[in-house]
Each structure stands twice: as structure tokens, then as C-alpha cells.
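Undergrad: Dock chain B against chain A, hints included.
There are 2 protein chains.
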Amino acid sequence: MAVHLEKFFEPRSVAVIGASSTPHKPGNDVVRNILANEYSGKLYLVNPKGGDILGITVCRSVQELPEGIDLAIIILPAHVNAQTIRECAVRGIKSIVLAAGGFAEVDNKGQALQEDLLSAIQETGARVIGPNTSGHTSTPHNFTSSFFPLGKIPRGNISYITQTGNFATHTMRYIMSGENFGVARFVGLGNKVDVEESEVLEYYAGDPETKAIFIYLESFKRPQRFLEIASEITRVKPVILLKGGRTAEGSRAAVAHTAALASDDRIVDGALKRAGITRIYKYSHLFLAAKALAAMPLPKGNRVSFMAPSGAMLVVLTDLCQQDLGLSVPDLEEPTRERLQEISPPYIRMRNPVDIWPSAALNGVEYAYREGMEAVLKDPMIDAVVPILMLTDETGVPPLDFIIELVRLYPEKPIYVTFSGDKKHMEASKAFLEPRGVPTFPLIEEPFEVLSILNQCRKAMERA
Amino acid sequence: MAVHLEKFFEPRSVAVIGASSTPHKPGNDVVRNILANEYSGKLYLVNPKGGDILGITVCRSVQELPEGIDLAIIILPAHVNAQTIRECAVRGIKSIVLAAGGFAEVDNKGQALQEDLLSAIQETGARVIGPNTSGHTSTPHNFTSSFFPLGKIPRGNISYITQTGNFATHTMRYIMSGENFGVARFVGLGNKVDVEESEVLEYYAGDPETKAIFIYLESFKRPQRFLEIASEITRVKPVILLKGGRTAEGSRAAVAHTAALASDDRIVDGALKRAGITRIYKYSHLFLAAKALAAMPLPKGNRVSFMAPSGAMLVVLTDLCQQDLGLSVPDLEEPTRERLQEISPPYIRMRNPVDIWPSAALNGVEYAYREGMEAVLKDPMIDAVVPILMLTDETGVPPLDFIIELVRLYPEKPIYVTFSGDKKHMEASKAFLEPRGVPTFPLIEEPFEVLSILNQCRKAMERA
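Just so you know, the protein sequences line up as chains A and B, in that order. Read in the numbering used here, the first sequence has 140 at position 140, and its numbers run on one by one without any break. Read in the numbering used here, the second sequence has 58 at position 58, and its numbers run on one by one without any break.
Hints in this document: simulated from the structure, not taken from any laboratory. Keep in mind that a hint or two might mislead.
You can't tell identical chains apart in this list, so a pair holds if it fits in one copy or across any two.
Said to hold, decoys possible - Straight-line Cα separation of at most 20 Å, EDC-like style, residue types lysine to aspartate or glutamate; simulated pairs:
id, residue 1, residue 2
1, LYS152, GLU394
2, LYS282, GLU445
3, LYS282, GLU371
4, LYS423, GLU434
5, LYS424, GLU434
6, LYS25, ASP393
7, LYS152, ASP393
8, LYS7, GLU209
9, LYS7, GLU38
10, LYS282, GLU209
11, LYS282, GLU67
12, LYS25, GLU394
13, LYS423, GLU179
14, LYS423, GLU342
15, LYS423, GLU123
16, LYS94, GLU405
17, LYS237, GLU338
Bound-form chain A, shown alone:
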């Protein structure tokens, strides 16, 4: 089974059926995307008008294609999709992405079209992603079938399975422009007429390019199989899932979206937990937790140290960690406390969390954060460190190379950065740190919410 999906993720040759010469049409944008991602396999385009598109000669029909192309992307109206699958099969093309919407997610007529598709798939033995998908991507193979203009998608180690087109469209634009991490693979499953989440999960399980798997689903097509695979893979890689349709209202929205029928959420919840899957409830965590994992190791425990230029932040973040997030803010070892005391004025008694303002006022922001962070990074009681950097014109904005250096020196402990102060300095610091592998978060609660998610992943990996 997994062998078959290799033609989707590692295609040596690809045909775009319904390629278009008209800019901004999906059949044109998909070709631009493939070229922008520097796909190195063979690329064939099909359009009855012939001619050429973006410098590539166009075949007039599927019949003109050579035998045995690995993958076809069909961007044609819904009613001709089944027939085109059959034509592809004749040319030996057995892996197919169907972009068109207008199937079961719309109406009864669409439902009938989707049943036709299913017949074509059963007759031909083709494997199909979609319909109603905005595509899939495989950066290690410089390939995407997305028809939303993305440009070159940055390569990374995070893979997505989504029952929505978002992660191939505007959410991917946001990840690329706002979150600065790369992806390995992503698939928009669409209506899941054939290829479904458990198969993709199995492929990602064995994929050395994939460090962590993020999933958005509205329904499970083969729940038992999905949970079986997840039970194994969650011991090795984090599997983080956002399940849409927890509520009756949410389920109604899911039916309108991908014709998904939701199950009772309490049953789902218990099963996911047993399979070691970490459940999230916010869409934004699909990229905030991914960013945290992309550059940093999973923390080895739930024990966090953080430093803030504000007693109030220390208090409320301690409350948040202990009360709401399952994180511990433990006492530091004696040598750590001594070191923190050395860098601080004598009137303050240093502990965890670390009140960094007095030291910053005395020694400057760079010295205080650098020495404070190094002290707690060295402490065997601490698994992850969150500096809340004070960045204002008045207190000075130091070069942040010291954070890059600390990441190098203590590679086993994740460092997540957040800020207080002037927005321009926050943005500049984010722009400096993230391309160098240090995730940053605009609001001070976010690194802790993410650590809570990662702590659940770790517990899943360590379970009996």
C-alpha cells in the first residue's frame, strides 16, 4: 500500500490533465507551482487545444501521453473526472490527484458523480487523492500538485495530513511568510474517495523526511486502521491532531465542507488518547506547535524555566503552567540559584521562574538574559527554557547571536522566545531568530501552550 503512495510523493513523471494557458486559472497555476518548485522529473501537459504552456509542449489528449507516467493531476470539471481516470488507466497511469469540487460535498447530483468516480477507481485499480482537494506537496522531491500559487515551498521536516485545502493555499502562504518553517509533505485529502488518512499516516510513519505529523480531520474513513498505525508511530514521532466537528454545530459545518459525518466526540477522544495521538483544539496550533518542533528537539520532560522582565508575568505564567497546562516550574539546583544570584543585585532572591529585570537594569539586557539562560539550561532539573525578551528603545536591543550560541551549546533543550516591549523590535528579533532555527511567539502564553502540547507528545512516546 505504502509503495503505491510513493508515486504521489516521489513521482518520476507527472501529467497535468487540464493544463491551461490562462494565468490565474488552476490549470495554469499548478504548472507554475511545479516549475517554481524546480521539479526535476518529466512533466507532461494535456489540453485539447495543444500548443504550449509556459514553454512546455502540450498534448491534445491523454491518449497522446507516453505509457506509465507515475502521476496525473486532473484539473477538469467534475463530470468528466471518472472518464479521465479510465483514460489514464489505459496509459498505465494509476496515481491520480483530482482537483475538482462539485461532488458529494455539494448535492445529490454530486453524490452520483462521486459514485461514478468510485466505479472508475474500482475498475481501473487507480489510486486517487481527492476529489475536492487543492493538492499535495513533497518538498524532498521538489514537487507540488497545489493549484494555489505558492512559489517555492521551503523544505523542512513537518508533514501535514488535512481534510481541507487550506494547507495547500492561504495557510501555507501564512506559514511561508509568517512562521518561517519548512514542510516535508502535505496532503489535502478532499472528499477521500480513495486515499485516506491512515494510508498517508503509514507513509509518513516510514518517511525519514518527516519528524512530526500534524493532522486536521473531520471524519475517519477507516478509524481502526488509523488508530492501529497511530499506536505504533506515536512511539517514534509526534502525531498531533485537530478534529473538526466536536459539536453538533461544528459537525453541520463539516458536512457542508467535506461531506464528513462526525462521530461522538467522547468516543473519539478516548480512542485517540489510547493511540498516543495528541489532540489540539486550536487551528493556530497546527502551525505554532509545528514551528516549535521543526527547529528544536522534543523536550525530555515537562519542567520549564522562564525569565521575564516583570513579576506579574512570572506569576501569571506560573499559574498557567501549573494549573492549566500540565507543566512544572520546578525549583532550581543550588549551583543554578547561586549563579543567578551572582548576576543579580543582592536585594532580590533568585529562583525559578527568573525575575530578570533587576539583573538587566544592573548589567544590561544582553548579559542578564545570556547568563540567566545559560544557568537554567545547565540545570538538570530543567527541560525547556522560555526567555521573555524585554525589547524597548530605552532598555536597549542587544544583538541576539547569544541565543543562537546557546541553542548550539545546549542542543537537547528547546528554547522558545517571546517578547515584551516595542513591536518593531519584536518583529526584527523574530526575523533574525526564526531563519536561524529559534522559534518565536508574539504572545507570552503561546510558548507554554505549545510546550503543553509537546509534553503530551513526549508522554505518548514514553508510554508502556
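TA: Here is chain B on its own, set in the frame of chain A:
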């Protein structure tokens, strides 16, 4: 009592005792702040060296000051504070801000100094904010006692009471540079040796400049009085509180911060609820909910409509609203659904939440959002509207004047904007919308979290 606080918030004359000619010292920064805020009352500076500071002639001692100055800001070492209060009293100065730290929050010696202060206050009848405060601010009177360089603080209708210096320092910098709303008053209470939260709350209660009150506290000095005042004012204005020290660990941090002793959190919780106070748990909500209230009315109910360019967003945000946030995503009235259907391709059945992508693809982003938003704003079933604007180069970024126009046309319904797409367009849209009174939020969950907080405020106002 409240009359006395007027000298803090509406001082006609102010003395800075411990003014400094050295840039970046608190005694210098406080003078710069007062000048930057265009304080129009009389300003006196005291420093034994005399001379002048920033063009203002300096008195050599408190004794040289004229009689009856409204307010003194004392920026002197802890051990001379009590004596200086007595000297002020001799000159008829009875309202005093004490900036110095090094009192009960530090050690036994500091505790003794704080007891001296208390004696001086009792002897003289002075009213004192602090010690260990970074100051207070009153923008309607162009005045601040903050010694953290802030520049001109934007005037607005939000007032803060905080048992931390943050809201006069780097958090205020963040609000000014990143959140684009103005404040009316704020007070950092510090160690609360005299003036405490219930008095400030009473002043804000009667303050026509204050639309909503945000509070950060680690302890209640006169809990019964505080709750009595809150019980009344919460029927008229939102009172939103973040209580630090919910957990044992958080309490330990609070003791180190302001020597505050926390109470049992469950007792606190019940009492706050009865008094109509809306409790929050995230520091960031102190400014995100404030931003939402600054420019928009309180929603009249919990019924929200939102539009997103993604089925997944519709599903997970519906789940979030219904399951976690106490918000309703109700069915729309027939004419609203008909209008939404008119602006959309026929294959999609329009409902709440609003799937705006098909209409945007057919009619363009501006038309789809403008017409979609207006339809739901008109609907009597809807109390607040959240557009999740799709902003990418490819789909086009329209001028957003239409949102300003909709705010003008439907002033009774709050509109909160959030985004998906390219970060540069999100930032540009925020920079356009917020100075024009439309709050925006970087993550799609935030407007709903804020609406949930405001819905609790509304319920408090409507309670029997």
C-alpha cells in the same frame, strides 16, 4: 475618599523630588515623560544640587517648594522615603507617589522601612501610591508619574489598575506600538502601603473618561470593599480581572514580586463572580480584550457570525465558540441566507458561519466580504461579526475602506478582524484598520476568545 484621588489623576501642580540631570535615570526619565505628555500644570523639581534639569529650575530642598502643591513624586532611596513624606506634609503636599523598591517585597529590613512609611502616612494624613511602583498615568490631564520612558501616551477610554509596574513600562510600550489603542488612566499599585485597588476602582467608577476597567491583582487589601464597589460598577462598565497567584507556585512568585499573600482561589472565584467581575487567565487578554472594547461597543448578545475562506476554519471555530467559549453561531434569518446565496455560486448552500471562498473566487475578495458582512450585520439574530480576511498576492488585497464604512453603518455591532494569508498584508491591514477604530487580531482564535470575555461582561451588566 475619591476626592483625594483627584489630586493623583487631575493634579494642578506636581513636584518631582529626586529629579535628576542624568539621562536614563528614573529621576530624569520621569521629567521627560511629564514634558512629553504636555502636562500643563505647574512642575517643580527638587534636587540638592540645584541648577536646572531639562530647562526647569531646580529647588534644592522640599522646604524651598511653595505651599500646597497637589502631588509629589518621590524618587529617592527607600530609607529616606518616610522622612520625605513628613517634609512634604509640612509644605502641605498630601498626595504622593513613591517609586523606590526595596521594601517589604525584599527582606525584613525592607519590611521595617515599610512600617516607617506607614507611620509617616498616619502622622501626616498623606495619601500614597506605592512604594515599589513604576507610576500612574492620566491622559485626560496629560500627566504621568511613570519613570520608564514612554513618550506621549495615547489618550483613550481604557483604565488599568495593576499590582505590577508593567503597565507603566514595557507592556505600555507594547500597547502603544503594537495594539494601537489609547488609555484613560493607569496605576501601578506597587506594595499598596496606602492607596489600594478599591479606592482606585471607586475613582474609575465615577470617571466619565473610563469606559472599561482592567485589573491585575496579586492580593486584595480590602476585599469586602473592593467587591462592594465592583458589584455596583459592573452593572455599568465592564470590570475585567486577572488574578495572579492562583496556584501555590504562582503565589510563591507573587510574594517575591509584591509581598502579596494569596487567598484560596476557589473562594476568590465565587466572590468575583457574584460581584459581576469578569475573570481572565491570560496576561495577553489584558490588552487584547481592551483593544476590542476601546473602539467597539459591547456586543448585545453572544450570537456571532463569522466568515472564513476555509471550511476547516468554519468547522473548528464553530466548535471553539460552542464548546469552549459560550458563544452561539446561530442560524441566519431567511433574507440573510437569500442575500448570501445571491453573492455566491449556486452549488454552495450558504449559512452561518459563512463560507466566503466561493463568492470571493467568483466576485473578488472585496465584493464577497463587503456584501457578506453587510448581510450578517443586518441580521437581528447576530450580535457581532468576525471576518477572517483572506489576503494573498494571488487572490488580491482590496482596499479595506469598506470595513470602516460598515462600522459606521452598523455602530451597534462590533466587528473584529482577523486574517489568513501573507503576513505582510496582515501587517499592512492592521496598520490601516486599527488607527481607524477596527481592532484586528493575528491569530484566528483571538477575536472569539475576546468575544467570550465581553459576553461575560455583558451578562454581568444585565444581571438582576
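Undergrad: Decide, hint by hint, whether the structure agrees.
TA: Hints and how they fare:
1. LYS152 - GLU394: Classified as between: cross-chain Cα gap 14 Å, same-chain 40 Å, threshold 20 Å.
2. LYS282 - GLU445: both (14 Å within a copy, 7 Å between copies)
3. LYS282 - GLU371: Neither: 35 Å inside a copy, 28 Å across copies.
4. LYS423 - GLU434: both (16 Å within a copy, 14 Å between copies)
5. LYS424 - GLU434: both (16 Å within a copy, 16 Å between copies)
6. LYS25 - ASP393: between (47 Å within a copy, 15 Å between copies)
7. LYS152 - ASP393: Classified as between; 15 Å across copies, 36 Å inside a copy.
8. LYS7 - GLU209: within (16 Å within a copy, 66 Å between copies)
9. LYS7 - GLU38: within (18 Å within a copy, 70 Å between copies)
10. LYS282 - GLU209: neither (26 Å within a copy, 36 Å between copies)
11. LYS282 - GLU67: neither (45 Å within a copy, 60 Å between copies)
12. LYS25 - GLU394: between (51 Å within a copy, 11 Å between copies)
13. LYS423 - GLU179: both (16 Å within a copy, 9 Å between copies)
14. LYS423 - GLU342: Neither: 31 Å inside a copy, 42 Å across copies.
15. LYS423 - GLU123: Neither: 59 Å inside a chain and 46 Å across chains, both beyond 20 Å.
16. LYS94 - GLU405: neither (50 Å within a copy, 53 Å between copies)
17. LYS237 - GLU338: neither (38 Å within a copy, 48 Å between copies)
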